[in-house]
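All chains should be built: construct the whole structure from the sequences, respecting the hints.
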Amino acid sequence: MVGDVHGYLDELLLALHQQGLVDADGHWSAGRSRVWFLGDFTDRGPDGIGVINLVMQLAAEAAAAGGYCRALMGNHELLFLGAHRYGDEPVQSTAGTASFRAAWLLNGGQQHDLERLEGHHISWLSRLPAMALEDGHLLLHSDTTAYLEFGDSIADVNDAVHKLLADDGADEWWDAFRRFTKRFAFRGAGGPMAAGELLATFGGHRVVHGHSPIPYLTGEAGSESGERPYVPGPYIYADELAVAMDGGVTMEGRLLVARLPVD
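FYI, in my numbering the residues of the sequence shown are 45 to 307.
Just so you know, the hints here were simulated from the structure itself, not pulled from any lab data.
Glycine is no exception: its CB is placed at the ideal position from the N, C-alpha and C atoms.
Heads up, none of these hints are tricks.
Computed cross-link-like contacts, SDA-like style, restricted to lysine to any residue with a CA-CA straight-line distance of at most 20 Å:
1. 226 / 196
2. 207 / 193
3. 226 / 208
If you anchor each label on the Cβ, the simulated ranges turn out as follows:
4. 107 / 199: 19 to 27 Å
5. 179 / 109: 16 to 24 Å
6. 208 / 271: 35 to 43 Å
7. 107 / 160: 23 to 31 Å
8. 265 / 133: 30 to 38 Å
9. 208 / 177: 20 to 28 Å
10. 69 / 236: 41 to 49 Å
11. 208 / 228: 19 to 27 Å
Written out as structure tokens, the structure is:
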């Protein structure tokens, strides 16, 4: 599993190499291994398009070697595609009239990524699934129960998101982005119940997600020490029903690559 990358291509290559998944030149070296990226390839970091190009390359190389490298759609993929498609077109948000481009820039959008976005990137990003089930692990990008609002099976949720991206207008895209930007559903006293509801509906025995940096989940972010947040690895919580994989690379944490199951 690979957590949120957010354009940090060099850190991604180093982490993948340390796990034996790519060679020194950045090519797949993991044979029949299975790798999932949990979404959020772009924004905040320096080379989002470079990250997308690498993941697409590894997907092809892994398939040729008998393994696979797959990816989920994160909320930043929705935001990035929306900024490209709708730009400054007004959308109705709870904070008043906004636009995808304004929200994208506010959330770390990099103009050079948008300028380098090509048709094959758009086609690949638009087809990414919103969720998947792998060896009893329910894979999501966002730690939210909003997935339940799109269907009661993994196939239904993915079909609903793909249909929205193919057919609907800016307000519908914005509503989907807003829902998938929610977070912290599995934190606190009600967290195990929220995670259990998703597992009961979609299957699996443990949720694995990105989206919310581990230092926020543990309460370490925002401390007055001024030190880099300590992220030893994936964070297991919600009565062990949830695993967080966003190591907070954008806040000087870590870009996490970890093998499941974790304990």
